[in-house]
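Asks: Sequence:
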Amino acid sequence: MPKGTKSDAELDFLTAIEHGSVVTQVALKQHIGVSVGLINALMKRAVNKGYVKVCQAPYRRYAYYLTPQGFREKSRLVARYLETSLSFFREARGQYGEIFERAQKMGVKRPVLFGGGELAEIALLAASGAEETVVAVVDAQKAPGRSHGVPVIAGLDEIASFDGLVVTDASSPQRIYERLRESFPDVPIFAPALLRIVSDRADLIAATRRAEGGS
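Residues 1 to 215 in full-length UniProt numbering are what the sequence shown lists, from first letter to last.
Read the hints as simulated data drawn from the structure, not as lab findings. Be careful, since some hints might not be right.
Computed list of lysine-lysine pairs in DSS-like fashion (alpha-carbon distance at most 30 Å, straight line) [what the hints assert, rightly or not]: (1) K29 with K44; (2) K53 with K74; (3) K74 with K49; (4) K74 with K29; (5) K29 with K105; (6) K74 with K44; (7) K109 with K74; (8) K142 with K109; (9) K29 with K49.
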């Protein structure tokens, strides 16, 4: 699901505070995974809004507690996160479902997902619903294994054959798409609209590189 937004940071922050334990801003940084500067900004905002109460504790440390307003704000953020996440899931699954249906009509029988993470999980569910057989998921960041019964591999050189590529990389989809188009010009490559990939740009770059290589 989409992560990394300001609302995500606020929700993680309020969730960490909810336990009412004695912590430092450095500890909050490590727990949430954001900078101390952002922790400081979130803390000031939460205190000013009345969401968090700060009490001094021994050894120059502080205890942070959610106020009733803080609990209400956290509940609101949770509801919004779930609504956004479910909307994203439905959109992504629908777009990948359309991709697999189109791939089947084109005669693609051995597609490979390129990219791991949540998008790959959603794409696998969509493939199952479309009765498409995905032969592997390429994820160099994950240890070899299986996901939904499909092999997870580090590179395309680890499978004997494939006849279609589906982009499921959310971190750098344009770069991945262009690299695949350049490396496999004769293999159909599919990507959902939600990744905002500009296919014409990939075509231009691939053609330019092939021309330069042939000169």
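Asks: Of the numbered hints stated earlier in the document, which are not met by this structure?
Replies: Numbers 5, 7 - these are the hints that the structure violates, sorted from lowest upward.
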